[in-house]
Amino acid sequence: MQTDSASQIILDPQSAAFAVDPHAVYSAMRRLSEPYFWASADTWMLTKVADVEAVALNKTMLRNNEEFIDDVDRKAQQRAINFQDMPYHERFVQVNLLESEGATHARLRKVVFREFTPAMIARQRPAIQAFVDGLLEGLSDRDEIDFVGDFAAHVPGHIIGRVLGVPDEDAPKLRHWSEEVVRYFDVGRGDADKARAELATKEFYEYLLILVAEREAAPQEDLLSRLVAYRDAGQLSQDELISTAMLILMAGHGSTIDVLGSGLHALLRFPDQHQKLRQDPKLMKTAVQEMFRYESPLPYFHRFATEETEVGGKVFPAGTRFGLLYGAANRDPARFENPDLFDVSRSPNRHLAFGGGGHFCLGNHLARLDMDVIFSTLNARFSEIGLVDAEPEYKRGLSVRGPKALHIGWKRA
Amino acid sequence: MIKLTFVQADGTEIGTEAAPGLSLMQAAVNAGVEAIAAECGGACACGTCHCVLPQKWFDRTPAPQDDEVDMLEFVIEPQSTSRLSCQVVVTEEMHGMVINVPDSQV
Chain A
1 MQTDSASQII LDPQSAAFAV DPHAVYSAMR RLSEPYFWAS ADTWMLTKVA DVEAVALNKT
61 MLRNNEEFID DVDRKAQQRA INFQDMPYHE RFVQVNLLES EGATHARLRK VVFREFTPAM
121 IARQRPAIQA FVDGLLEGLS DRDEIDFVGD FAAHVPGHII GRVLGVPDED APKLRHWSEE
181 VVRYFDVGRG DADKARAELA TKEFYEYLLI LVAEREAAPQ EDLLSRLVAY RDAGQLSQDE
241 LISTAMLILM AGHGSTIDVL GSGLHALLRF PDQHQKLRQD PKLMKTAVQE MFRYESPLPY
301 FHRFATEETE VGGKVFPAGT RFGLLYGAAN RDPARFENPD LFDVSRSPNR HLAFGGGGHF
361 CLGNHLARLD MDVIFSTLNA RFSEIGLVDA EPEYKRGLSV RGPKALHIGW KRA
Chain B
1 MIKLTFVQAD GTEIGTEAAP GLSLMQAAVN AGVEAIAAEC GGACACGTCH CVLPQKWFDR
61 TPAPQDDEVD MLEFVIEPQS TSRLSCQVVV TEEMHGMVIN VPDSQV
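Keeping their order, the protein sequence lines are chains A and B. Just so we're aligned: 301 in the numbering used here is position 301 of the first sequence, and the numbers increase by one with no gaps anywhere. Just so we're aligned: 93 in the numbering used here is position 93 of the second sequence, and the numbers increase by one with no gaps anywhere.
Just so you know, these hints were derived from the structure itself, not from any lab. Do not rely on the hints blindly, as some may be mistaken.
[Stated by the list, open to error] Which chain A residues stay away from chain B? Per the calculated CB distances, all over 12 Å, these:
1) Asp85
2) Ala233
3) Thr309
4) Asp340
[As the list claims (entries may be wrong)] If you want the footprint, here are the derived chain A segments under chain B, 3+ residues with CB under 8 Å:
5) 48 to 58
6) 97 to 110
7) 117 to 128
8) 360 to 371
For clarity, every value in this text was computed on a predicted model and none was experimentally measured. For glycine and all other residues, C-beta sits at the position ideal for the given N, C-alpha and C.
Construct all of the structure, not just a fragment, from the sequences and the given hints.
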């Protein structure tokens, strides 16, 4: 039984109101005595930081439920979400490091983890700085820009492409394929989207095959060459090599663009905090963490219970689907004082924007370095930055969070 | 309750008491040891709860599993007595244990 207050909650992630302020609904859900049941998705929504963290860390909670359903049910489930009859997508996108569990997940994660340690990522700083400087030079004659479309959208894909070993001139193609594939995860996808996602996966695959063949002939100092070496050492299969390369290119792409947009938006909405950061650039590390907490770019993931489990004071049977609202957990006053205030010096800041448990975001150091370089450079180059549009429109939906565009005016220092 | 002392990189000590069964990481977080970032929350998946034990205490602690050994390769300046604090369960034998915490985890 839901309590009276639960029946008053309207969770409509596709609505304009939700895009304006999802935190009002999150907060109402968090005040309930037990998790909120979202009937239309057959999902128990978790908003308290303790509940979200407990489920993320619980090894019996899995991202897919295929372990305890039979083939017939699995096929039916695949059809229900319209993930069937797309051979390339099924082969390289529906099966990968992110979607795997257990021994396969541990093996693949180990391969990728060593490539994304702080020390490995720190090597990219000069390349990121050079790319950001070049991009800003190209925009320097403008008084106003769309920070998302004109700037942020170009950075993460370019940098991760560089890490992997994709030629600079192919970065736009990768961005196109990534977006086509990722868009297919949106709610409300239709058959046209399906065809586009499948075609993008196929083209992406064929492109990567060529790059892999080049690395086989002549290894380079890049991640793709090392993935080829791991494959040859028997640590991953050819299909896993391709799906891992695709995942690396897609995973932190859109979400980093989103948090760059929402992060700058937060700085501009809280000018005292922006000023504080300008006066003490050493705060950049905590400021970036706060950007991830304040508007978590991937606010929603799910898990299935594989056995009877107690969550938030209620017992749930095996097979229960839980929604992990990281975006809500990160505003939980039980952990964060004044959670709706953006505080560039917040510490400790034990947010869950990168998830928790075994699927903890592998690319977090790269995303944070991108942001560190970008905001440091903006503050150094521009003495004034202001919002042109006071109420930028945010993307709709539960799974993403970020402004569609962020029109700003700026003055060179 | 088991008495633990976390020694931070600047030499300051944070003493705490932890119930057996808790992880060293959780004990550190509860005591406000900020340098134990523990970003993944304790799943041996991020390498940001690194600590170094004095040899005497290292010897009294059950040996790390393979996944922890793998992860310890990637922490900043690993030592021969390094551990990931999320993988060390507090036991009665650890009463009085001293744990050295590095300056930064990332």
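Taking the hints in turn, this is what the structure says about them:
1. Asp85: holds, 34 Å
2. Ala233: holds, 15 Å
3. Thr309: Since the minimum Cβ distance to chain B is about 17 Å, Thr309 of chain A lies beyond 12 Å and the statement holds.
4. Asp340: Its Cβ never comes within 12 Å of chain B, the nearest being 23 Å, so this holds.
5. 48 to 58: holds (count 3)
6. 97 to 110: holds (count 3)
7. 117 to 128: The restraint on the segment 117 to 128 of chain A holds, since 3 of its residues have a Cβ under 8 Å from chain B and three suffice.
8. 360 to 371: It holds: at least three residues are needed, and the segment 360 to 371 of chain A offers 3 whose Cβ sits within less than 8 Å of chain B.
This entry satisfies every hint, going by the numbered hints stated previously.
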